[in-house]
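One line per chain: the protein sequences are A and B, in this order. Under the working numbering, residues 887 to 1252 are what the first sequence spells out, in order. Under the working numbering, residues 282 to 890 are what the second sequence spells out, in order.
Possibly wrong hints are sitting among the right ones.
Unchecked claim - If you want the footprint, here are the derived chain A segments under chain B, 3+ residues with CB under 8 angstroms:
id : stretch
1  : 1116-1123
2  : 1150-1162
3  : 1176-1185
Claimed, not checked - To give an idea of the chain B side of the interface with chain A (calculated C-beta under 7 angstroms), a few residues:
id : residue
4  : E301
5  : L320
6  : L321
7  : R326
8  : D334
9  : Y483
10 : K655
Said to hold, decoys possible - Ranges of calculated distance between the beta carbons of each label pair, as one might list FRET restraints:
id : chain 1 : residue 1 : chain 2 : residue 2 : range
11 : B       : L593      : A       : G911      : 56 to 62 angstroms
12 : B       : Y449      : A       : W1129     : 38 to 44 angstroms
13 : B       : L442      : A       : P1081     : 57 to 63 angstroms
14 : B       : K303      : A       : W977      : 45 to 51 angstroms
15 : A       : G1226     : B       : L322      : 54 to 60 angstroms
16 : A       : W1129     : B       : N596      : 33 to 39 angstroms
17 : B       : R409      : A       : Y1090     : 53 to 59 angstroms
Since the hints were derived computationally from the structure, they do not count as laboratory data. Ideal Cβ positions, reconstructed from N, Cα and C, are used throughout, including at glycine.
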Amino acid sequence: MSLQRIGANGLSLIRLDAILMGLLGLLMLIGLAVLYSAGEQDASLVVNQSIRLGVGLAAMLVLAQVPKRLWLLWAPYLFGLALAMLLVVEWVGVGRGAQRWLDFGVIRFQPSEAMKITLPLVLAAYLSERPLPPSLMPTLISVVLVGISSGLILVQPDLGTAILVGTGGLAVVFLAGLRWRMIAGLGALVMAALPAMWLNLRDYQKNRILTFLDPERDPLGQGWNIIQSKIAVGSGGWSGTGWLSGSQSHLEFLPEPHTDFIFSVLAEEFGWLGVMAVLVIYALIIIRCLQLAHQCTDPFARLVIGGIVVSFFVYVVVNVSMVSGLLPVVGVPLPLMSYGGTSAVTLLAGFGLIQGLHSRRRFMGH
Amino acid sequence: MKLARWFKQASARVRDGAAELKVIDRRFQWLGAVMLACLLLLAGRFAQLQIVDHELYASRAENNRVALRALAPTRGLILDRKGRVLAENRPAYRLVVVPERVPDWEAMLDQVGALVTISDDERARFNRARQRARRFQAVPLKTNLRSDEVARLAAHRHRLLGVEVEPYLTRHYPHGALFAHVLGYVGRIDERDLERLGPDRYRASTHVGRTGIEQAYERVLHGQPGVETVETNAQGRTVRVLERQAPANGQDLQLTLDLDFQRAAAEALDGHAGAVVVLDVDTGAVRALVSAPGYDPNQFVNGIAPSAYQALLDNPRRPLFNRFLQGAYEPGSTIKPFLALAGLAEGVIDSDEEMFSRGWFELDGEGRRYRDWKRGGHGWVDLTKALAESVNVYFYEMAVDLGIDRMARELALFGFGQPTGIDLLGEGDGLLPTRAWKRGQFGEAWFPGETVITGIGQGFVVATPLQLAHATALLAAEGRTGAPYLHTPTAPSQRVVHADPHWDAVKAGMVEVIHGPTGTARAVAQDVPIRFAGKTGTAQVFGLPDDADAVDEREQDNLPEHLRNHALFVGFAPIDDPKWAISVVVEHGGGGATVAAPIGADVMARVVQ
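For reference, chain A alone in the conformation it holds in the complex:
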């Protein structure tokens, strides 16, 4: 038996998928390498991030062991709990200007992160209990749940996470077979609601959008970020300036090179080829997840996986569009590459859920 086979068998024993784990591992290694360069070769950043990823992998392993029927059973309560915490955070949350954290004394916890997993879970459970495609009432109820969840996150205010949670939830409804005319109706509703949403955005969010439309409007503030990021990306060329030698990243023209703008560092140092390589890895991760979904024969598992994958995908697209000036700066990290803990842990936990739903094996059993 080849070494590969043994590895794959070992992973499947603990209900994980070898291909997906390989892709995720590769991505995280590339992420750490870029982080080392972006963080001015500060090893402590890399160590800290490795610890966080380790925590995330542990969470992944734990979640992968939970059997599907328990997820089905728990879904409404988990969602209720996440919703309650979001409400509590509105009252007692701590955060710099934005209310996002719940402080339990020992640990601090961001309820909006839990929403990224529990919302797809509850919608999938709710919809798969009913005939698909869903009829009008379940559809409306689902959309209202999505609205409440992402609305509560939006008022924190955290536009980036609200978008991620919202699209993840809507994806589940869409995948469940929502009829096209309802989609058209919803689309019209959203268009109609846009002006109202604009009025409800915080000033700094409006500024970001206006600045995005015209970066020169604020060349020292938000516009600076977009302009500098595009310069860093563009100067990378075909093959980049080489690891550790991106002038824009290191001359500190680039804002926050190790968090939201880490993709700009990658683009400058590894060029278009490096960008494509990483995008392909992201695409392969998504494709593998979709394959896993396809191998599941029940709607619930498929819908949950679909929702989580879509929000992962939106992460990538929003962040990469943001650093290349296609979208306004909304503060979405690049999944598994940006420096920062909470999103990495949630993402890995989500992958744990995906692999657990797919696996037919009992934990450590044959």
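Model the placement of chain B on the given structure of chain A, informed by the hints.
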């Protein structure tokens, strides 16, 4: 479990599992197509930026070197009501270092250190700033250079690589301590300030208002930064300016304060610790606002030396304490005019009615005697005489008849127990006690004796000098004046109407205080050429034994200073058509009549002229 049942509610429709999976499959295909399109779009976008437009961005990267530089706006001046400058910007020189042009740090610091002294503090601050700055950005090493230092540095300039002497504007307060507590001062911006203020507006600024007017009107005074696009060479030195958008300088701020009045008030305090507030009765405009002792705000501008700061903190006279804004003083007898109005409005007393003062007051069954300041009492007393001679027994009795809650309600109409709303930050509330307050605070019932002493402004009740002046202005203007303000007027306060028929009676009593034959402050009338009205007050600092006279000014001189009573005075002038209201608090001054009233009279005389 209702939720669970509803959630799992079985469907009437027969489900076709295979068909449902097919629906989901179709949707996954759609999803895959959308994702693919997005990824292709992104690949295209990066191809555009990195391949098609690579030349453009590569040259811009080269030119990132075409740097944007924020230009600091000039801070607005602060002027008094006649346009005299109270805070200005003076040209000065500072020593700056451009990190990327320094070949050898140790050598550079040694060389510079030989020419000008650089304190450990300055060195530490410089090192912190250096961490934050971009490599081509000048970091200040020493500010406010003396002219001989500038000359020495200029002479050795060719040897000092990466070091420059740069002109800049520094904040200066020409009147020093005189306006310290009103104006406040600016201080250096630190990391936390930047986060709070928004780094964009303050990118080029070095200072921010820390206290007083400088803090309260920071937005107006600061202005908006400008931007300069400069072309730099490979070493980061500016070769030329390509484009310039000038900063919008901060606006000048004209205050209601009058330099002459402020001086008069500070001089009248004559070294005492205390506060003087002068208000324009019609509008609430503040004409003088002194807290003494002061401190020199200039030493804070470029960073005060830790030893000097410690000395200010350790000073027992507390020069940093803002007495007019945050001082909480028992008002003593200065509260009597307001209580008199309360008694009249509530029908508890009548201005003509007389009562007999035998020198003390006793609560039924309590046994403790609350005394008049005059041994043997004042005899038959009406309202005018009660105010003129500050007859405690008259007010003890009235306080008991009103009750504490009614007193609190009435005094609140004159602004006691709440901030006046002046345009400064951190104003104190003072305190108006009530039964509910005491229960909440101490979990104890209110004692009748506490009502009695509230009648002479003692016990729990405290007020800031600003509140006392504002209340006096309200009384002088017969119920309508604006909240005190230094620059931006506020809406007139709710008119105190229900005291309407009684203003004259109370004012007459306050005139008698100064000009009556037995008024407590009659001595000052001889020294001051103007006619005015007022009320003296003395607040106990050191509790005297029960059977001693509550407040006997003659004994005060024998006490050490820190045990002497606080002396207070409130007043207004002219008598018939009041224009000015004043409050004076002298900490440990001894007696209101002997110390605070002369100060008040002195300031009044200078103001009325």
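Report task. Please name the hints from earlier in the document that this structure breaks, with their numbers sorted from lowest to highest. Result -> Hint check: 6, 9, 10, 15, 16 and 17 fail, others pass.
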